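Engineer: Take a look at the letters that make up each chain.
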Amino acid sequence: MRTISIFLACIAIYFTGIAKKPNGILVEAESFKNKGGWVIDQQSMDVMGSPYIMAHGMGTPVADASTSVTFPKKGTYRIFIRTRNWTAPWSSVAAGQFEVQINGKSIGQKFGISNKDWSWVYGGAVEVEDENVEISLHDLTGFNGRCDAIYFTQDKTDIPPDEIEKLDALRVNLLGLDKEPEETEFDFVIIGGGMAGTCAAISAARLGVKVALVQNRPVLGGNNSSEVRVHLGARINLEPYPALGNLVNEIGPGKGGNAQPKDYYEDDKKLQAVLNESNISLFLNYHANQVEVDGDKIINVIAENIETGERKAFKAPLFADCTGDGTIGYLAGADYMTGRESREQFNEPTAPLEADNLTMGISVQWFSETLDEPISFPDIKWGLPWTDEKSFAITRGDWDWETGMGRDMVRETEFIRDYGLLVVYSNWSYLKNHYSNKEKFENEKLKWVAYIGGKRESRRLVGDYILTENDLTNQNFLPDGTAPTSWTIDLHYPDPENLKKFEGEAFRSIAKHIKIYPYPIPFRCLYSKNIDNLMMAGRDISVSHVALGTVRLMRTGGMIGEVIGMAASICTDKNVTPREIYLNHFSDLEKLMINGVGDPDIPNIQDYNLGGTLMETETIE
Amino acid sequence: MIRLLSFFVGILMIICSQSKFDDQAACSIDVADTIQTAIYVKLDSLGIPECYHARIFTPVCETERCYAIEIDFYWDLIGRFMGYDTIPGQGLTKLDHIPFTEADYNKLDGILANSNSPLASFSKEELVKNTRSSELDGFTGATIREIKDAIVNGAVYSCYTLWHIANGVVVDSLQKATAQMFNRSLVNKLVDQNNQEVYYFLIDNFSDEDFRSYLPEVLISISNGKGYYAKNAIEKLPEDILKESLVQTYFTTSFDKLDYFAQVALLKKLSKITLSEDLITAIKKTLDDRNSYKNDLINNLLIKESDP
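Top line first, the protein sequences correspond to chains Y and A. Residue 1 is where the first sequence starts when you use this note's numbering, and the numbers rise one by one after that. Residue 1 is where the second sequence starts when you use this note's numbering, and the numbers rise one by one after that.
Hints listed in this document are in silico derivations from the structure and should not be mistaken for laboratory results. This list has only true hints and no planted wrong ones.
List time: in silico EDC-like cross-link candidates among lysine to aspartate or glutamate, alpha-carbon distance up to 16 Å:
| # | chain 1 | residue 1 | chain 2 | residue 2 |
| --- | --- | --- | --- | --- |
| 1 | A | LYS269 | A | ASP240 |
| 2 | A | LYS226 | Y | GLU239 |
| 3 | Y | LYS445 | Y | GLU369 |
| 4 | A | LYS226 | Y | GLU618 |
| 5 | A | LYS268 | A | ASP240 |
| 6 | Y | LYS297 | Y | ASP335 |
| 7 | A | LYS226 | Y | GLU616 |
| 8 | Y | LYS390 | Y | ASP495 |
| 9 | Y | LYS315 | Y | GLU185 |
| 10 | Y | LYS591 | A | ASP296 |
| 11 | Y | LYS529 | Y | ASP464 |
| 12 | Y | LYS390 | Y | GLU497 |
Quantities reported herein were computed from a predicted structural model and do not represent experimental measurements.
Isolated chain Y (complex conformation):
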């Protein structure tokens, strides 16, 4: 556990554009000692400036979050709350409302109501009668009210800034974040602890590499964790390297199914697999958002603890971007692609004539459980207008509850996830309160709704080779083939009917599949073209939008992780870059891929969600 990040600005601090001393106390909500029922959300911190906490009660107000603060002196303080009204884009009624309490007493107004964008809301003057004060956030609605920070000041002219750069400076100064981050050195630093990053870490560690695995959530597994609940997909143990996937088999869940109860996803199994490796140093809850580059090389990646704000520097000769968003590559200046390429660019039959931004979306999955007796759900006034015709009379929302297709997957994450929440609640509230056959849902309780979105696509970093649809459909095997991708080319689009009903902002998707034979992904797709010591695994590898449709599956991502872990061992042993492996040491990698790093004796029980792969003896219908 951390110590609470409250720092007093007693020393003279100047920050950009404000020629006066900040004279306040900044309390980060994500640093509250007791989170109660509030959850930390870091998904948009690079955009809105900080992790925040959110009352994700699915309609039932959550328990208070609280912390104690020591004030320098008693007296009257002006209080500001950094928050927003997340339903403002769609309604004049605010969904997520909360109170701030000082020593158990509300300061007298509700928050989460007024402002559409993140900003400081003045909460009035509060009397601090004792230096030690208990501050609480009291949720009023159970519908995702959110708070980033609280600011106390005695200076009437001291108003905390809304501009992100100035706010950042305020945080750095008041929270003591200006000191040099603690630096630790490793052979190989992996950012992102989804299936790809986790497999990369274990693979490298088993081959003797000292690894740091940096993950911005409290659990490993990414989209396959119990926070997102997407099951693993595609096949392992395929030609030409049947030993690839043994590690995926070792750490992956034995049960399949999207949006299922938490235990299906076996978070502990993945965590334990990592903890078993003495060569891995695991850093959970660290979000990497700064990179130091020297020429074409990354020197350091700096990550911030999403709870404490504490920063650490990870130094290494070699890095892997397994962030999904290609964050590290982006920060380091790696070439990248987003959206859909035009047909002409790679001569792909499935690509659109003109390039555009119609990416696949983010899933907010959900399910209800049946109780023995009726249970109510709030008749929300802030939901979208709903009718029987618009409603989905179901008790589970699968992958195809997908939002944000056509939006910016990095900059608009909060909006896209929020729209996902909005439609789940709008539909459910309607089913429970107004649906013509609402009796059917009388005993149904909304049990789980994801607040960490399941993202499919964002930045793809450019490697020495870009895999395209034609490689896949022509089975153009290349000599540097590695882990085989085996899912169909599975591209998602807004469901046309839903798009029409919801005025251009669809939340249901359809999938279009093109069958392919398993195809070994070239190693040149797994390292950056212009950042010499950066590899990638997962959905941010070097592929066209169309080819992403198949490689994005998590068993495939895990196998890619196994491969770059092996490559890391060669880079470390021979002091070479990934490109030099391709040019001068590829036979070493081939031998490692033949042997594999996973336990070959564990029976393959992951017989779920293998996909419509064409196997060797099948023909395209």
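On the provided structure of chain Y, position chain A as indicated by the hints.
Structural biologist: What follows is chain A alone, placed relative to chain Y:
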């Protein structure tokens, strides 16, 4: 009436069902506990096996009423079910002797043609649940949801029985029967189908002796196969066959056309064999500027050849 599963298979089946040449018993299967049915191989005009045929006679009980089904079944030479003919006056029936409609027959075509049917996973006793349901299929219970699309309504046991006859142990028996009939003309005919599944059937069932006997056919399949077929076929080639000049000549002209993984598979096998100069030259030409396992294998070969 001939049921056409698909255009291609349908044509084959017409040929098969109309074959006038004499049949010979190839094997037999048990279609019910006590009824053993002979399966006959049909020959083409040249006397080469064309397909398999059996007249199936089996009792089926839909709930409490039992029927006899008599129907002609056809399989191809590697045991894939091709289709069926109903026998005049012996049309299929559902519960209460209601005759199959045209739509029922069409559905049955798809059901029997699907070798991955969920019917494979259930025993006869598991097909129906004794619970209340809107999907009532008979008097005693409801068809389980998992097989709903794999049956004709009202004929769950008929579909189950026929599917297992068409796709069950018979496949193995027929493959064995075909393997026992291997001769040059049959293997030639099979290779001419240019079908990946047939190619795999051949290399999976060839003895070392067969590989030697049908070497030209094997080499044709390596040239025509897709995906990892070439790699797998090369891995199955008996080592001493690679000494033969026909093989070395073939790989001299085709080595550079093999995919990378097939090249690696071949190079691994060639390490213990004396190679013709032409083959060495052909292989050497594919040396790459960059390092690879293939290059390592080639360099090892070159060292071995220069220093025998």
